[in-house]
Amino acid sequence: MTSQLSGMLEHFRDIDALNLADVEPMTQPYPLKNVLREDVVAPSLDRDEVLGQAPAAESGRFRVPPTIGFDV
Amino acid sequence: MSEVSALPNGWQLIVGLEVHVELATKTKMFSASANRFGDEPNTNIDPVTLGLPGALPVLNQHAIELAMRIGLALNCKVQPCTFHRKNYFYPDLPKAYQITQYDHPLNVDGHLMLPGDVRIGIERAHLEEDTGKSTHFGGSSGRIHGSDYSLLDYNRAGVPLVEIVSRPDIRTSEQARQYVAELRSILLAVGASDAKMEEGSMRCDVNVSVHKPGTPFGTRCEIKNVNSIRSVGRAIDYESRRQVDLIESGGTIRQETRHWDDSTGRTETLRTKEDADDYRYFLEPDLVPLVPDPAWIEAVRAALPVLPAARRKALAELCGVDKDGESAIVVVERGQDDYVRAVIAAGGDARRAVIYVQQAFAEQGVTPKVPAKDLAALTILERDAKVTSTQAKTLLTDLIESGGGDVVAMAAKRGFEALDTGALEAMVDAAIAAEPGAWQKYCAGEEKALGALVGAIMKSSKGKADGKAATAILQSKRSK
Amino acid sequence: MQKLAEIVAGVSNGTLTASAVLEEHLKRISARESEIHAFNLVTADQARLDAAKIDNNVKSGIKVGALAGVPIALKDNMCTRGVETTCSSKILQGWKPPYDATVVTKLRNAGAVIVGKTNLDEFAMGSSTENSAFGPTKNPHDIARVPGGSSGGSAAAVAAGFAAASLGSDTGGSIRQPAALCGVVGVKPTYGTVSRYGLVAFASSLDQIGPFTSDVRDAATLLEVISGHDPMDSTSIPQSALSLVSVLEQGVKGMRIGRVTDLPEGCEPDVLTRLEAAFDALRNAGATIVDVKLPSLQYCLTAYYLIAPAEASSNLARYDGVRYGNRVDAADLNAMYAATRDSGFGEEVKRRIMLGTYALSAGYYDAYYGKALKVRRLISDDFARAYKDVDTILTPTSPSTAFEFGSKTDNPLAMYLCDVFTIPTNLAGHPAMSVPFGVGADSMPVGIQVLASTLGEQAMFKVAAELERAS
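Residue numbers (my numbering), protein chains in the order written: chain A, 126 to 197; chain B, 2 to 481; chain C, 34 to 504.
I should point out that these hints are in silico values taken from the structure, not numbers from a laboratory. Do not rely on the hints blindly, as some may be mistaken.
Simulated crosslink set (EDC-like; lysine to aspartate or glutamate; CA at most 16 Å straight-line) [to be verified]:
#, chain 1, residue 1, chain 2, residue 2
1, B, 78, B, 104
2, A, 158, B, 294
3, B, 225, B, 199
4, C, 407, A, 173
5, B, 78, B, 110
6, C, 407, A, 174
7, B, 387, B, 350
8, C, 123, C, 380
9, C, 407, A, 149
10, C, 407, A, 171
11, B, 27, A, 163
12, C, 129, A, 171
13, B, 370, B, 339
14, B, 134, A, 183
15, B, 478, B, 430
16, B, 225, B, 257
17, C, 129, A, 174
18, C, 129, A, 183
Label pairs and their calculated CB-CB ranges [what the hints assert, rightly or not]:
#, chain 1, residue 1, chain 2, residue 2, range
19, B, 296, C, 295, 42 to 50 Å
20, C, 114, B, 21, 45 to 53 Å
21, A, 184, B, 279, 31 to 39 Å
22, B, 192, C, 78, 36 to 44 Å
23, B, 279, A, 155, 24 to 32 Å
Beta carbons are placed, not taken as given, at the ideal position from N, Cα and C, and that holds for glycine.
In isolation and in its complexed conformation, chain A is listed as follows (with noise of 0.2 Å):
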């Protein structure tokens, strides 16, 4: 795995050969702007059907296993 992607990442190295300095990144394929939603409250999905799907669960939450080395 290792070495296919450290061929890849020296293939990709083709856009080197671009300059680049004065081009604006494109990070939204159509422009919008100011897509906003009114403050209106929806029911919430049921408790017990999306509970049933979890891994693990225990009196209306979800379990987990302790997050030893983990912070907070």
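With chain A fixed as given, assemble chains B and C onto it according to the hints.
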């Protein structure tokens, strides 16, 4: 700005605060689930909140409105902005990234004034979403390490947040506490948040470093889990001493995040910079730029209420008190300054009005039951020496208990009348004659002897004498 | 195979029943699905209930929708409430979404009958459907060959007559390339015309949903139903549904059609021959062929294989075994994450996540992801210049006809080259479609790609319709 620091050996404290505020919207930042504290776990959830496959975010218009109110109230510039993804793994982060603002935040370059005209810069106040809540079970300390499992509630996930980042302009723990208190009162005044630290709708992270003036700022540590205004002060005091002691004993400060433990009064290492994630920030492709219309910004600015600092200043000027003093702060905080104005408009003595309200109206709320004209009348009675200040205090209590009334009649009913000066002089002479020993001691400089003399006056006048006035007469007689 | 218009007309006026139409398709599924493996899940029982409901509505005089009775298959990366949605990945095996994708709601409201969820390359990453965790799909024209990818199952389902139409998703060519290889019509519309709400994200700024059909008219019909603004998708263009069927007979007289003179190399000669034939046909129909240059085309593969994996690495981080999907238990959280993702994801998905994470990481952002976004601007500008002179552009869809299983799996870069003609459109956010146009030297289908500028679907469909008439 040059407050003397409480640190020894010329060390100076540098503090910056990052305050996260939950906005008082009906729905979440990016989806229409309810934004409500205290509901049953996982009952305000939707595909976006849970980070389900296929879910997409849509910005809450009212959250933007409230965020602009905060920015404008903090004198920020409101500008076109974008959203970024901050990527890291944690179970309370449902998408494994937080949508936040990075290089183009909504509000920048503001400031907040503290008492004494101390100016604290605000670098930015940007929008982001809150995480879910994880509760840990098992393990003896109830803290993270060594617990058996965690349970996750996503009701809070997606709640709109504004993160307010100060510049490192704070120099004392007192200033830090004032900053948080003032910020809180501004948030309440503009209706952006209920800012309850005890419920987590306002959370403070404190950045502390120390240095000697003239040298570069020291390495800073970030302190988390500071859950009250008092803790802000205590944590800073502890951490700054810890850093000074460490440096003076030859150690170096490691840049790290520390956890404040309120019960032990100490900070402890949480994680070091080397462990910090690379968040791989990139522009959020599921959202589009937010370019607030100048007309919208102006409308928000125009609709802002008079802010607490301006209200304190106006009240102080009106009443002849210090704008940073206790009465101005307390009365405005309670929202009772308009009431004081009403008392003054009804002919009341301004200075007495604000002091009475500060001292006795803690339970009264924004619209006190005592009619303004009644309180005004009481201030006039005291001003005109028709009652003593002690008597006035009693009448004040009566007024509050009965919810108002004719103070002149109430004073008469109690048999209150202040003695005029002539009668008081006569009583003083009589007391001197009755207590010659005490008088001699007092003239010799024994201040304690005053008590016996004043006591005699109060007794013979059946409490009608004004103790302060009697003391003044005794003092002037002694100095003759 | 019946066309959509016939089915809808017949069902609406009672000369056909949705149930009978469905049974015909289910029979074909029974006959060949075990050989083709187009589906992860055939939802026959529910489909029969849905078809019966439509027939009842017709009998009761209740108005039925624009797709009444049409059996449709959905790529298994579109959320269907209560129906397993796996993205052909072990990590989501068994997962039933609690909500429907917007396109699914639109299809149901239009009276379509969903027959099943189709196979794909895992999480839509691939060009052959060989990356599916549940086994590949075979090309109905030759089962020793791939159907293309990533929407191989949806393409095969239409080619084999299992469904009258299907939906796929296209990020770098994942609708168009399998359409070409399977000899069906496949459309990627302008980015933002079809809602992505409920489409499991691969690369958010590139993904679009689109139709597979047996002819151009059906594609126009289906696209009219699924397009239009969706308030649940912030990138959705604020306009109503596309209007396409009405322009199909207009022909191409006076239209200007671009021939790219600096097309990347590597195209098979028989494919190029069909491209020339396509230009001839359009010329004969009254169009003018104009040479255009797209100098940045050669850098598109690199830009795409930096942008798409970068966005994917972030989009796929949510598969952590916490809230849904399959979890591999472990003593602590970090170990659980690692074990879950290691066993749940296939090799190609892991490869792209690693690539994407690297491209975004501190110190490398400017060299890789940052630069790729600039190349994206270059190709967008190249197209803008070209579209000043032409209405549409024609290229081959795929450099070759369908290749044999296993022929490209050892060399990921070789596989990526399958998308060299389709990727530029996704980068620019433009529409493009593949129209079957004859066969190659090996008698396998060849597809011709028609490209247009942003919201240029009408021009694109006019040319496609003409090509179809001439094919």
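Each hint tested on the structure:
1. B:78 to B:104: holds (15 Å)
2. A:158 to B:294: With a Cα-Cα distance of about 11 Å, the restraint between residue 158 of chain A and residue 294 of chain B holds, given a limit of 16 Å.
3. B:225 to B:199: holds (14 Å)
4. C:407 to A:173: Answer violated: residue 407 of chain C to residue 173 of chain A is near 46 Å, above 16 Å.
5. B:78 to B:110: The hint holds at about 6 Å.
6. C:407 to A:174: Between residue 407 of chain C and residue 174 of chain A the Cα gap is close to 44 Å, so the pair fails against 16 Å, i.e. violated.
7. B:387 to B:350: Roughly 14 Å between the alpha carbons, so the hint for residue 387 of chain B and residue 350 of chain B holds.
8. C:123 to C:380: holds (12 Å)
9. C:407 to A:149: holds (6 Å)
10. C:407 to A:171: At roughly 44 Å apart (the allowed maximum being 16 Å), residue 171 of chain A and residue 407 of chain C break the hint.
11. B:27 to A:163: Roughly 10 Å separates the two Cα atoms, so the pair holds.
12. C:129 to A:171: holds (13 Å)
13. B:370 to B:339: holds (14 Å)
14. B:134 to A:183: holds (15 Å)
15. B:478 to B:430: holds (10 Å)
16. B:225 to B:257: Holds, at roughly 11 Å.
17. C:129 to A:174: Judged against 16 Å, a Cα distance of about 9 Å means the pair holds.
18. C:129 to A:183: Since the Cα atoms of residue 129 of chain C and residue 183 of chain A sit roughly 20 Å apart, the hinted pair is violated (cutoff 16 Å).
19. B:296 to C:295: 42 to 50 Å: Holds, since residue 296 of chain B and residue 295 of chain C (Cβ atoms, about 48 Å apart) stay within the stated range.
20. C:114 to B:21: 45 to 53 Å: violated (35 Å)
21. A:184 to B:279: 31 to 39 Å: Holds - the Cβ-Cβ distance for residue 184 of chain A and residue 279 of chain B, about 35 Å, lies within 31 to 39 Å.
22. B:192 to C:78: 36 to 44 Å: violated (54 Å)
23. B:279 to A:155: 24 to 32 Å: Holds - the Cβ-Cβ distance for residue 279 of chain B and residue 155 of chain A, about 30 Å, lies within 24 to 32 Å.
Checked against the numbered hints above, the structure breaks hints 4, 6, 10, 18, 20, 22 and satisfies the rest.
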